[in-house]
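Turn these sequences into a full structure, and let the hints steer you where they fit.
For the protein sequence lines, the chains are A and B, in the order given.
The opening position of the first sequence corresponds to residue 1 in the working numbering, with each subsequent residue numbered one higher.
The opening position of the second sequence corresponds to residue 1 in the working numbering, with each subsequent residue numbered one higher.
None of these hints come from the bench; they were simulated from the model.
Bear in mind that the values here come from a model prediction, so they are computed numbers and not experimental data.
Backbone N, C-alpha and C fix where the C-beta goes; we use that ideal spot for every residue, glycine too.
Treat the hints with care, as some may be off.
Stated by the list, open to error - One side of the interface only, derived from the structure: several residues of chain A facing chain B at Cβ under 7 Å:
hint, residue
1, Ala98
2, Met130
3, Leu134
4, Leu135
5, Ile159
6, Gly162
7, Pro183
8, Ile218
9, Arg227
10, Leu238
11, Lys243
12, Asp246
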Amino acid sequence: MKILVAVKRVIDYKVSVRIKQDGSGIETSNVKMSINPFDEIAIEEALRIKEKGLASEIIVVSIGGDACQENLRTALAMGADRAILIKTNEDIQPLATAKILKALALQESINLVILGKQAIDTDDNQVGQMLAGLLDWPQGTFASKLEFHDNGVTVTREIDGGLESLFLTLPAVVTTDLRLNEPRYISLPNIVQAKRKSLDVILAESFNLDLAPHLKIINVAIPEKHRQCIRVETIADLVRRLKHEDRVI
Amino acid sequence: MKILLIAEHDNQILKVANYHCLTAAKELGNEIDILVMGEKCQKIVEQASLAPGVQRILVADHPQYTHQLAENCAKLIAEVGKSYDYVLSNATTFGKNLLPRVAALLDVAMVSDVMKIVASDTFVRPIYAGNVLATVQSSDKIKIMTIRSTAFAATPIDQKPMATIENINILIPNELSKFENQSLTQSTRPELTAAHIIVAGGRGLKSAENFKLLEALADQLGAAIGASRAAVDAGFAPNDYQVGQTGKVVAPDLYIAIGISGAIQHLAGMKDSKVIVAINKDPDAPIFQVANYGLVGDLFDILPQLRLELDKVSS
Numbered sequence: 001m002k003i004l005v006a007v008k009r010v011i012d013y014k015v016s017v018r019i020k021q022d023g024s025g026i027e028t029s030n031v032k033m034s035i036n037p038f039d040e041i042a043i044e045e046a047l048r049i050k051e052k053g054l055a056s057e058i059i060v061v062s063i064g065g066d067a068c069q070e071n072l073r074t075a076l077a078m079g080a081d082r083a084i085l086i087k088t089n090e091d092i093q094p095l096a097t098a099k100i101l102k103a104l105a106l107q108e109s110i111n112l113v114i115l116g117k118q119a120i121d122t123d124d125n126q127v128g129q130m131l132a133g134l135l136d137w138p139q140g141t142f143a144s145k146l147e148f149h150d151n152g153v154t155v156t157r158e159i160d161g162g163l164e165s166l167f168l169t170l171p172a173v174v175t176t177d178l179r180l181n182e183p184r185y186i187s188l189p190n191i192v193q194a195k196r197k198s199l200d201v202i203l204a205e206s207f208n209l210d211l212a213p214h215l216k217i218i219n220v221a222i223p224e225k226h227r228q229c230i231r232v233e234t235i236a237d238l239v240r241r242l243k244h245e246d247r248v249i
Numbered sequence: 001m002k003i004l005l006i007a008e009h010d011n012q013i014l015k016v017a018n019y020h021c022l023t024a025a026k027e028l029g030n031e032i033d034i035l036v037m038g039e040k041c042q043k044i045v046e047q048a049s050l051a052p053g054v055q056r057i058l059v060a061d062h063p064q065y066t067h068q069l070a071e072n073c074a075k076l077i078a079e080v081g082k083s084y085d086y087v088l089s090n091a092t093t094f095g096k097n098l099l100p101r102v103a104a105l106l107d108v109a110m111v112s113d114v115m116k117i118v119a120s121d122t123f124v125r126p127i128y129a130g131n132v133l134a135t136v137q138s139s140d141k142i143k144i145m146t147i148r149s150t151a152f153a154a155t156p157i158d159q160k161p162m163a164t165i166e167n168i169n170i171l172i173p174n175e176l177s178k179f180e181n182q183s184l185t186q187s188t189r190p191e192l193t194a195a196h197i198i199v200a201g202g203r204g205l206k207s208a209e210n211f212k213l214l215e216a217l218a219d220q221l222g223a224a225i226g227a228s229r230a231a232v233d234a235g236f237a238p239n240d241y242q243v244g245q246t247g248k249v250v251a252p253d254l255y256i257a258i259g260i261s262g263a264i265q266h267l268a269g270m271k272d273s274k275v276i277v278a279i280n281k282d283p284d285a286p287i288f289q290v291a292n293y294g295l296v297g298d299l300f301d302i303l304p305q306l307r308l309e310l311d312k313v314s315s
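Given below as structure tokens:
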């Protein structure tokens, strides 16, 4: 089984995001960037599948500028076998991402694609589902557990209010939720070793796909905050306010 | 404008979120149809036909649609939806699972988590877990969107059925996936994302045992229990309790943060709550910056007193 994992370079989850002064977008210069946390979980899951002897190769892919090579090296240091950067400086939206991943999945004869359920920057939660649709493969979104069988995989999904399990035939697309696993730490020898692994760069244009954005960002803004914290002196006063002023209890 | 709303249901009950979604649909236009996919879903059709302002209920009732799996249902929605201007559903795990696949089949973009309709092609949606609001304009002929329930009021239900009911005779089999089972949390407590009140604990609770102290308070208030990432990472609370950028994003009427310092990633998941109460021993904790009410003190002293005071007002 060959596994494809996509990683997105995003502003680190610990960083407080700032918008550009003209409201045209998010300030990303001089900001710490990391692999999208859900994608790290996707890499970890692929590694565990391979460690069980169920996969022969793990390919990681990222779409974006040269800086994404840094994140692909991290994925290689975690244990992925080789990496591909689909290089572009354009705004690649989920549908375009899905089109590129489809081309790559077919080209590399992939059996399983594991993606994060969403990226923590644009929060779209779309690529996995779109990719599965374009490929006409089954999808297991928001996965918290995978169990492989001879003819497919059982995916436990986190749905509102509980869990659901689906049996998917392979090839398939799975998207990860938080509970699937806890990504491993990277050891120094692995970082060194990762430098010797193959990292190919392919230009996005070379796929001859329509990658133009369908959504135009008009502006971005920080939601207004109107809170002034009242320091209450007594618990009785707090409860009285909640009951009679805010009427929330 | 023709709008198709995809009903979320379990063949028994039409989910409340659909009525919030309907309010958004009405802001877009007045030719609204609801698509009900399911098996033996007559009850759903009856409930949907009571939704005011809906012209037609389109019904695809077949064992192939029982669990509304994405593999064939997305094809059905794409087939029905291609003659509409908008296809809408809820920004729940149901809508999020289904609609992106529909968008891909129609070769259009999707707008997730719509919070506001600015114009027929322009919408506001949260990015960075709601820390930033983006106004986006779609150039697609068919606009596929999930609607965030907390941003639109629910449309009240009518007493007499208004919509006409039409059966859809398109059968699309699913050979790719199979439903195995579902285990919904049998909790007497409400679900985190649907709760009116959330009691959430952080590292300040110090242990998994202490974390259980929140249960009594939650039960007293009919609240759901949440946790910060720090509390989850420390093993005090299970992962599905996590509120934050990488956990669940919530906006209840009342959010009580107990022993939570207020890391950015936690604040991102709860700051849209209507009323926030912070209980923390550190007067400079960032949680107080987003709170309406702050109580500085030892949570182990405050918790029992709070329960006592709540008892007084409820009796």
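Tested hints:
1. Ala98: 6 Å, holds
2. Met130: Holds, because the Cβ-Cβ distance from A/Met130 to chain B comes to roughly 4 Å (cut-off 7 Å).
3. Leu134: 5 Å, holds
4. Leu135: With a closest approach of 9 Å, the A/Leu135 hint is violated.
5. Ile159: Status holds, d = 4 Å.
6. Gly162: Hint holds; A/Gly162 Cβ to chain B Cβ min 4 Å, cut 7 Å.
7. Pro183: With Cβ-Cβ at 12 Å, over 7 Å, it is violated.
8. Ile218: 4 Å, holds
9. Arg227: With Cβ-Cβ at 6 Å, under 7 Å, it holds.
10. Leu238: 6 Å, holds
11. Lys243: With a closest approach of 5 Å, the A/Lys243 hint holds.
12. Asp246: 5 Å, holds
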